[in-house]
Structure formats: structure tokens, C-alpha cells
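A.B. asks: As numbered in our numbering, residues 1 to 262 make up the sequence shown, in order.
Certain hints may be false.
[As the list claims (entries may be wrong)] Result set (DSBU-like, lysine-lysine): computed pairs, CA atoms no more than 35 Å apart in a straight line: (1) K23 <-> K125; (2) K70 <-> K105; (3) K181 <-> K107; (4) K154 <-> K183; (5) K52 <-> K183; (6) K30 <-> K70; (7) K185 <-> K37; (8) K37 <-> K125; (9) K125 <-> K262; (10) K181 <-> K52; (11) K242 <-> K185; (12) K126 <-> K202; (13) K105 <-> K23; (14) K246 <-> K154; (15) K37 <-> K126; (16) K107 <-> K91; (17) K70 <-> K23; (18) K37 <-> K23; (19) K181 <-> K202; (20) K154 <-> K23; (21) K107 <-> K154; (22) K154 <-> K185; (23) K206 <-> K105; (24) K107 <-> K125; (25) K126 <-> K154; (26) K181 <-> K154; (27) K70 <-> K181; (28) K126 <-> K262; (29) K30 <-> K246.
[Stated by the list, open to error] Derived CB-CB ranges, DEER-like: (30) G109 <-> S150: 45 to 51 Å; (31) E219 <-> P167: 17 to 23 Å; (32) G109 <-> W164: 38 to 44 Å; (33) T139 <-> A16: 35 to 41 Å; (34) G143 <-> A95: 37 to 43 Å; (35) N209 <-> S147: 35 to 41 Å; (36) I244 <-> M32: 31 to 37 Å; (37) A259 <-> A113: 27 to 33 Å; (38) E44 <-> N260: 32 to 38 Å; (39) G220 <-> I132: 43 to 49 Å; (40) T211 <-> F256: 17 to 23 Å.
It is worth saying that the hints were derived from the structure and are not from the lab. This structure is a prediction, so every number in the text was calculated from the model and none was measured. The beta carbon of each residue, even a glycine, is placed where N, CA and C say it ideally should be.
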Amino acid sequence: MNYKLEGSGDAEDLSALNELVNKYNNRLDKVMEDFEKQVEAAPEQREALTRKMQPFYLAQRAEMGNEILKFAEGHTSSLVSFYAVSFVDPKGNDAGLIAYADKIKGKFGNVAAVKAFVDQMEQMKKLTIGQIAPDFTLTGMNGRETSLSSMRGKYVLVDFWASWCQPCRLENPNIVAAWSKFKDKNFTVLGTSIDTDIAAWKDAVKADNLTWTQVSDPEGNVARMYQVVGIPSSFLLDPSGKIIAKDLRGDALDTFLAANLK
Numbered sequence: 001m002n003y004k005l006e007g008s009g010d011a012e013d014l015s016a017l018n019e020l021v022n023k024y025n026n027r028l029d030k031v032m033e034d035f036e037k038q039v040e041a042a043p044e045q046r047e048a049l050t051r052k053m054q055p056f057y058l059a060q061r062a063e064m065g066n067e068i069l070k071f072a073e074g075h076t077s078s079l080v081s082f083y084a085v086s087f088v089d090p091k092g093n094d095a096g097l098i099a100y101a102d103k104i105k106g107k108f109g110n111v112a113a114v115k116a117f118v119d120q121m122e123q124m125k126k127l128t129i130g131q132i133a134p135d136f137t138l139t140g141m142n143g144r145e146t147s148l149s150s151m152r153g154k155y156v157l158v159d160f161w162a163s164w165c166q167p168c169r170l171e172n173p174n175i176v177a178a179w180s181k182f183k184d185k186n187f188t189v190l191g192t193s194i195d196t197d198i199a200a201w202k203d204a205v206k207a208d209n210l211t212w213t214q215v216s217d218p219e220g221n222v223a224r225m226y227q228v229v230g231i232p233s234s235f236l237l238d239p240s241g242k243i244i245a246k247d248l249r250g251d252a253l254d255t256f257l258a259a260n261l262k
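All chains, please: the whole structure from these sequences, using the hints.
C.D. replies: So, in C-alpha cells, the structure goes:
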């Protein structure tokens, strides 16, 4: 993004932002360096080490997002704040990004990137906790179409994934465990693959023992509608189709389902 700094105030803000971003990037780099060293020492433990590292890494990303959003909200008169939010992962920070977009609506003249961001956040509002998830219809492995709305009456985990996505494949055993444990308590999963290689998708479904309904979104239209910017990404819906949680991974999914499904 290109924009013009206006005087020493913007320059100071940019310097403060860079310091903040660098602090967290250094922390994240350290997490990954330690992880790679552990994997190098015990390559057969990569999967277990990944599961151990991931929650800490995601927590650091979440903390980084919170701190940058605080910075942005304190500098809404400067375009530096808009630059700042480009470092914020939308996952887990959607409410903060929406609030920031509302504050800068109409500011900064006709900067196209700002308008596009504000428009994107207006769409994001439809995907926040408490909203009814947008309906969609996609083709399944058997060639028949399935609509999300046809699953009303159950708790549904809409899981965006792909066969080539290693984090997705590592998460699949957790979803298998949750499905097996809660399938008789009004819970199901709608696997939504963005694979363009249909054969690879079907092979992965079989290899990972994903026995719930699977549909294909090869052009990514539904993923875009759901503002999916990275996978795995998931939305947990209640029986009325309302979004009640997002991106529950690992033990977090089991814990949430155990607390809410009786």
C-alpha cells in the first residue's frame, strides 16, 4: 500500500507501529525456530510437536492482533492506522476489524484501498457470532447437491479445508474424534473442500476417514462468500443456522461441544 506521510506525526506513528510489529514477529519467529529444532531432533514426532506448538503460535498471533488494533483505534486520524490493520489476522479479530472500519468510514477521501476494506468489513458483519450463516449449495462426492440449509435442526461444523493443506490434514483427526463423540447428540460436519484436483480431494477424504457429508467448492466461491482467507477455517452453527463459534481447533472444539451439546 502506498500513501503519503504528512509530517513528523505520521512518521513517529509509523516508527511506533514498526516497533510493535517487529516485537511480535520476533516472538513468532522464535516459536518457529524452536519448533524446527525439535522436529530436526525427532522428525518422527513432527505431528505431535505441531499439535503442541500450534496453540501457542495462534495465541501469539491473537495477542499481536489485539495490540495492533489498539494502536490503530488510537490513531484513526492517520493513514498509518489503516496500514497497521494489514498486519492483523482476520481470524479471531473480526469484531475489532469491523469496529475499526466503522470508525474510519468516510475518512481519508477517496482512497480506494480504504473503501475496499470498509466494504469487506460490511460483508464480514454477516459472518459474526449471532448471525445466520449464508446458505449455499454445492456438489458432493456422490454427484448430488447439498444445501447448508438442509442441515437445519442440527449443530453443524462448516469446515473449509483442502487435501494439500497440511494444517487441515493435521486437524482432521480432531474433527473425526469430535464427530464420533457427538454425532449422536445432534452434531454433524459439512466438509467444504476448495481442492481443484477432485481426485486428490476424494483420496484425502478416504485416507483421513472423513465419513460425514463432503462438498466441493473448487472455484472458491463459497469460501469467498464466507471471507475465508486461510484454511483450515470453520464455522459452528446451532440448529437454527446461527453462527455460535468460529475456528475451533484441537481440544477447543471438543470442549465447546461438550459444554453446549447435552
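A.B. asks: With reference to the structure, classify each hint as holding or not holding.
C.D. replies: Quick rundown of the hints versus the structure:
| no. | hint | result |
| --- | --- | --- |
| 1 | K23 <-> K125 | 30 Å, holds |
| 2 | K70 <-> K105 | 17 Å, holds |
| 3 | K181 <-> K107 | 50 Å, violated |
| 4 | K154 <-> K183 | 10 Å, holds |
| 5 | K52 <-> K183 | 26 Å, holds |
| 6 | K30 <-> K70 | 24 Å, holds |
| 7 | K185 <-> K37 | 42 Å, violated |
| 8 | K37 <-> K125 | 41 Å, violated |
| 9 | K125 <-> K262 | 30 Å, holds |
| 10 | K181 <-> K52 | 22 Å, holds |
| 11 | K242 <-> K185 | 18 Å, holds |
| 12 | K126 <-> K202 | 31 Å, holds |
| 13 | K105 <-> K23 | 29 Å, holds |
| 14 | K246 <-> K154 | 16 Å, holds |
| 15 | K37 <-> K126 | 42 Å, violated |
| 16 | K107 <-> K91 | 25 Å, holds |
| 17 | K70 <-> K23 | 15 Å, holds |
| 18 | K37 <-> K23 | 21 Å, holds |
| 19 | K181 <-> K202 | 24 Å, holds |
| 20 | K154 <-> K23 | 44 Å, violated |
| 21 | K107 <-> K154 | 43 Å, violated |
| 22 | K154 <-> K185 | 9 Å, holds |
| 23 | K206 <-> K105 | 47 Å, violated |
| 24 | K107 <-> K125 | 20 Å, holds |
| 25 | K126 <-> K154 | 21 Å, holds |
| 26 | K181 <-> K154 | 15 Å, holds |
| 27 | K70 <-> K181 | 40 Å, violated |
| 28 | K126 <-> K262 | 28 Å, holds |
| 29 | K30 <-> K246 | 27 Å, holds |
| 30 | G109 <-> S150: 45 to 51 Å | 46 Å, holds |
| 31 | E219 <-> P167: 17 to 23 Å | 22 Å, holds |
| 32 | G109 <-> W164: 38 to 44 Å | 42 Å, holds |
| 33 | T139 <-> A16: 35 to 41 Å | 50 Å, violated |
| 34 | G143 <-> A95: 37 to 43 Å | 39 Å, holds |
| 35 | N209 <-> S147: 35 to 41 Å | 25 Å, violated |
| 36 | I244 <-> M32: 31 to 37 Å | 32 Å, holds |
| 37 | A259 <-> A113: 27 to 33 Å | 41 Å, violated |
| 38 | E44 <-> N260: 32 to 38 Å | 36 Å, holds |
| 39 | G220 <-> I132: 43 to 49 Å | 22 Å, violated |
| 40 | T211 <-> F256: 17 to 23 Å | 21 Å, holds |
Hints 3, 7, 8, 15, 20, 21, 23, 27, 33, 35, 37 and 39 from the earlier list are contradicted by this structure; the remaining hints agree with it.
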